[in-house]
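Asker: One letter stands for each residue in the lines below.
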Amino acid sequence: MKKFIGPLILLLVAAGFGLFKWLGGESVVQPPAQEPKKQVTVSAFVGGEKMEFLNNPEVRRILRERYGVVLDAAKAGSIEMVTTLPTSGKDALWPSNQIAAEFFRNGGGQILADENIFNSPIVLYSYDIVTDALIDRGIVEKRGPSYYIVDLPKLIQMIEAGESWSDIGLNQLYGKINIQSTDPTRSNSGNIFAGLLANMFNNGTVVTSDTLESVLPKVVHYFRMRGYMERSSSDIFKNFITTGVGAKPIILGYENQLVEFALENEDFIDYLREKIRILYPIPTIWSSHPVIALTSKGKRLIEGLKDDEIQRIAWEQHGFRSGLIGVQNDPGVLKVAGIPKEITAVIPMPDAAVMERIFEALQE
Amino acid sequence: MMRAFVRTSAVLAIFALGLSALWGCGEDENKTSSQRSQARGSGVSFSIVSGSENEALEPIIRDFAQKEGVALDIKYMGSIDMTLALSEQGNKIPYDAVWPANSIWITLGDQQNVVKHVESIMRSPVILGVRKSIAERLGWIDSKDIAISDILAATRAGKLRFAMTSATQSNSGASAYLGFLHALAGAPDVLLMEHLDDPEVQEKVRALLSMVNRSSGSSGWLEEMVTENYDRFQAMFNYEALIIEANRKLTANGQEPLYAVYPIDGVMIADSPLGYVDKGDPKKAEFFQKLQAHLLSKDVQNRILRQGRRTGLVGMNPDIADKNVFNPDWGIDVARIISPVPTPAEPVIRKALDLYQVALRKPSCTAYVVDVSGSMNGQGIEDLKAAMTTLLDPVQARRFMLQPSPKDIHMIIPFNSAPLNGVRAVGNSEEVMHQLLAYVLQLNPGGGTNIYSAAARAVETMGEIENIEDYFPAVILMTDGKSSGDISELKEKLARLPLGSDIPIYSITFGDADESQLKEISAITVGRVFSGKNLVQAFRKAKGYN
Chain A
1 MKKFIGPLIL
11 LLVAAGFGLF
21 KWLGGESVVQ
31 PPAQEPKKQV
41 TVSAFVGGEK
51 MEFLNNPEVR
61 RILRERYGVV
71 LDAAKAGSIE
81 MVTTLPTSGK
91 DALWPSNQIA
101 AEFFRNGGGQ
111 ILADENIFNS
121 PIVLYSYDIV
131 TDALIDRGIV
141 EKRGPSYYIV
151 DLPKLIQMIE
161 AGESWSDIGL
171 NQLYGKINIQ
181 STDPTRSNSG
191 NIFAGLLANM
201 FNNGTVVTSD
211 TLESVLPKVV
221 HYFRMRGYME
231 RSSSDIFKNF
241 ITTGVGAKPI
251 ILGYENQLVE
261 FALENEDFID
271 YLREKIRILY
281 PIPTIWSSHP
291 VIALTSKGKR
301 LIEGLKDDEI
311 QRIAWEQHGF
321 RSGLIGVQND
331 PGVLKVAGIP
341 KEITAVIPMP
351 DAAVMERIFE
361 ALQE
Chain B
1 MMRAFVRTSA
11 VLAIFALGLS
21 ALWGCGEDEN
31 KTSSQRSQAR
41 GSGVSFSIVS
51 GSENEALEPI
61 IRDFAQKEGV
71 ALDIKYMGSI
81 DMTLALSEQG
91 NKIPYDAVWP
101 ANSIWITLGD
111 QQNVVKHVES
121 IMRSPVILGV
131 RKSIAERLGW
141 IDSKDIAISD
151 ILAATRAGKL
161 RFAMTSATQS
171 NSGASAYLGF
181 LHALAGAPDV
191 LLMEHLDDPE
201 VQEKVRALLS
211 MVNRSSGSSG
221 WLEEMVTENY
231 DRFQAMFNYE
241 ALIIEANRKL
251 TANGQEPLYA
261 VYPIDGVMIA
271 DSPLGYVDKG
281 DPKKAEFFQK
291 LQAHLLSKDV
301 QNRILRQGRR
311 TGLVGMNPDI
321 ADKNVFNPDW
331 GIDVARIISP
341 VPTPAEPVIR
351 KALDLYQVAL
361 RKPSCTAYVV
371 DVSGSMNGQG
381 IEDLKAAMTT
391 LLDPVQARRF
401 MLQPSPKDIH
411 MIIPFNSAPL
421 NGVRAVGNSE
431 EVMHQLLAYV
441 LQLNPGGGTN
451 IYSAAARAVE
461 TMGEIENIED
471 YFPAVILMTD
481 GKSSGDISEL
491 KEKLARLPLG
501 SDIPIYSITF
511 GDADESQLKE
521 ISAITVGRVF
531 SGKNLVQAFR
541 KAKGYN
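So the sequences go chain by chain: A and B. Letter by letter, the first sequence follows residues 1 to 364 in my numbering. Letter by letter, the second sequence follows residues 1 to 546 in my numbering.
Treat the hints loosely; a few may be bogus.
Here are a few chain B residues that sit away from chain A, every Cβ distance over 12 Å (derived from the structure) [claimed, not checked]:
(1) G43
(2) I60
(3) N113
(4) R123
(5) I134
(6) P199
(7) R306
(8) P344
(9) Q357
(10) Q403
(11) N416
(12) A438
(13) K482
(14) S516
(15) K533
Straight-line distance between alpha carbons at most 27 Å, and here's what the computed DSS-like set of lysine-lysine pairs gives [as the list claims (entries may be wrong)]:
(16) K204(B) / K351(B)
(17) K284(B) / K238(A)
(18) K298(B) / K238(A)
(19) K275(A) / K144(B)
No lab work stands behind these hints: they were computed from the structure. Where is the CB? At the ideal position from N, CA and C, for every residue including glycine.
Next comes chain A alone, as it looks inside the complex (with noise of 0.2 Å):
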């Protein structure tokens, strides 16, 4: 009998939970720990393309009456916070890339937990006369409402070869075809734009310890020829916006960047719709965003943002995707076009070791 107790006290558990997860999230709900929660604050480095979510009122209020926790994020990149920024005091870390763990226990870090939150996949933000170029040169098509760039090689080799923009027909732009990223050793989008060439240079097949040295040259290059490159994903994005089509025809990004500048810019929608376009790589890398928790408040941190209600509203209204599994985002909801429901297909991050060879070779 005895040892029935166990499992038996875990279903009862199970369906507690369960129980909870089907009224939802009202605010008659108590916190999934029963008791009502005393409020703790969280002290957390977070990754700056979250900190629109994090002020958002009703996130604020989800995770302070539900769960107690009332966050202290201070702005820092991805890279930083899990390597050189002193993280004593911090209750969680909260990058948006998915090595980061790895780099913080590398570095001697102790993790009590971490939990991927949500995923944002790597894309390309462009303009209709330039999306529409790539169309005929076969390196972008239209997939239902969504554009796909089913030749990155073929985008990435014009780029080397120094082919003009006239070449492919805009004679309206002046200069050499280009994607603008951020700067790989100081901005996370820019870090896994170049995991996402490494990849690519290795004929599509994630880079190992023992492939690195041969496309490593490439890479190096490859951003050498960018010359100055914005800090920030949320700078290079603005400037994308404001500059326009001349200055900045295609940068990378994240998906939700769109998403949460249309619900800010809501005058600009048909603008939006009109003129810019999401381009999705095929395939992609995700930036992850897990919660890495330093202490059992940094734990709390992490139930807090798998409620429901919380990954909604990230959604809605800030275009980050579920990381949780099962979850489903539905972009009917959204008021942008083009983003498709599913993100099929993804290739991984190279590992930390290959990551942290990267970086270097583009620091020297």
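Keeping the supplied structure of chain A fixed, place chain B upon it in accordance with the hints.
Answerer: Relative to chain A, chain B alone:
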């Protein structure tokens, strides 16, 4: 892993130091707006340091501060000086907000990450404004594909000369210069170190810069100088916004407008980022957020648009632009897609600026005409020596990006009631600079004051220099008292020169100097008067115009 990233911060620290060494300390007193907005008792004060190109927008900011009951100070400073202040002082800089012309200056200077909430308020490309009659003669009206090489060809054929600001002192000059380099290097993916080392590229850029007939330390002053002395100028590189400002003045006076030329391969866009320097005062933070939101509000963005700046959230195509401002007859083309030059990497920018200063710019011929009358005794002569040391000591001059080139000519003419003997030297060798400095350091005050005969001597000596047209000539005149004599002697010498009044006299007032006397000299030579309350800064500033 840890090690690699630790190394990163070490590299950053070294870079920050390098930058400080390059640009030095940023204490500057260029031009502080004298009136302070009256606070209505809120007790909050707020200071902004801004590029001179934003001066026309000051009333908007001032009105808002007054409404909010905030005492506001606006100081105008070159974008590059702001970089230096940020890199050296971090959040200890004596301002609450920075507003340079281009984000790159924040990025280069803000190594300590103290500038927050940066937003671009407006955009303006740096372009060439050419007298419309000359643009017609050159066949440039309605031409959409004028390249920097066409401008070079026109100058080589003797059909065009232009004015621009110094690339090492002002953003518009730096933007135009980086555009020249990019275009004349053959419009590569991006400008690299090897392009800077290429003798052929250097030769072309040097040739283009040799056609600059006037330099300036500030874009705003360049526009004023050109419009107020229009008979002396054919063209200027400046912000589209300031070409528009100039044209409104010129056409109001019945003069021909400048025609806007957007070189296809050499344009950079100023994005006017306004950022907050957090010093932990929540009231200041609150005011900043309100001010920024106000500037980005629809009404104010439209108001700024009416002043010739490109505003609005999307694109560079202000459809709602007023045709009287963005006037197609002036060549202003809002429908055109502008493809700016890719911004080079930071080390390339720094090297390019260095190259400008020591190798590519037109050499300077500078006469320092300095007051050593009896009243300079004591602190006065000490301050003068310190100021001259800043310019003559190679290490210090380099900090301010004012280092001499091998071709520069230096004259030092001390005066009291008459000009004293003085010295003259050529070049930038350590030996030459040391001799000049040694000469300055042995000066002893005594006697009366006559600025006119000394300035006349400087002008006369310059007139004797062979090929003076290959130099930027300038007299930097410093005095601390009311002058005896009168201006006629100077006028006579100026009239006798082959290039007449093309020698600007930049004056520095010190102590009891009579500003009206100096203003009169500035007026006849198209110079400028600088306040010498801080002599070191004043000399630095005046030299930046030469």
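Asker: All hints are to be evaluated individually against the structure, with a verdict given for each.
Answerer: Here is what the structure says about each hint:
Every CB of chain A lies more than 12 Å from the CB of G43(B), the least distance being 28 Å, so the non-interface label holds. Its beta-carbon lying about 19 Å from the closest one in chain A, I60(B) satisfies the requirement of being farther than 12 Å from that chain. Listed as outside the interface, N113(B) is inconsistent with that label: its C-beta sits roughly 9 Å from the nearest C-beta of chain A, within the 12 Å cut-off. Under the 12 Å C-beta cut-off, the non-interface status given to R123(B) relative to chain A is violated; the minimum distance is some 6 Å.
With a least beta-carbon separation of about 24 Å from chain A, I134(B) lies farther than 12 Å from that chain, consistent with its non-interface assignment. With a minimum CB-CB distance of about 22 Å to chain A, P199(B) clears the 12 Å threshold, and the non-interface call stands. Once the 12 Å rule is applied to beta carbons, R306(B) is consistent with being away from chain A; the minimum gap is 19 Å. For P344(B), the shortest C-beta to C-beta distance to chain A comes to about 5 Å, within the 12 Å cut-off, and the non-interface label is violated.
Interface exclusion of Q357(B) from chain A stands, the closest Cβ pair being 20 Å apart, more than 12 Å. With a least CB separation of 24 Å from chain A, Q403(B) remains clear of the 12 Å interface cut-off, as annotated. Residue placement check: N416(B) keeps its beta carbon more than 12 Å from all beta carbons of chain A (closest about 52 Å). With a least beta-carbon separation of about 42 Å from chain A, A438(B) lies farther than 12 Å from that chain, consistent with its non-interface assignment.
Residue-level check passed: K482(B) sits 51 Å from the nearest beta carbon of chain A, beyond 12 Å. Under the 12 Å C-beta cut-off, the non-interface status given to S516(B) relative to chain A holds; the minimum distance is some 46 Å. At the 12 Å boundary, the C-beta of K533(B) stays outside the reach of chain A, the nearest C-beta of that chain being 37 Å off. Of the supplied pair hints, the one linking K204(B) and K351(B) holds, its CA atoms being roughly 17 Å apart against a limit of 27 Å.
With a CA separation close to 25 Å, the supplied pair K284(B) and K238(A) stays within the 27 Å bound. Taken as a hint, the K298(B) and K238(A) pair is honoured in the structure, with Cα atoms around 17 Å apart against an allowance of 27 Å. About 24 Å separates the Cα atoms of K275(A) and K144(B), which keeps this hinted pair within 27 Å; it holds.
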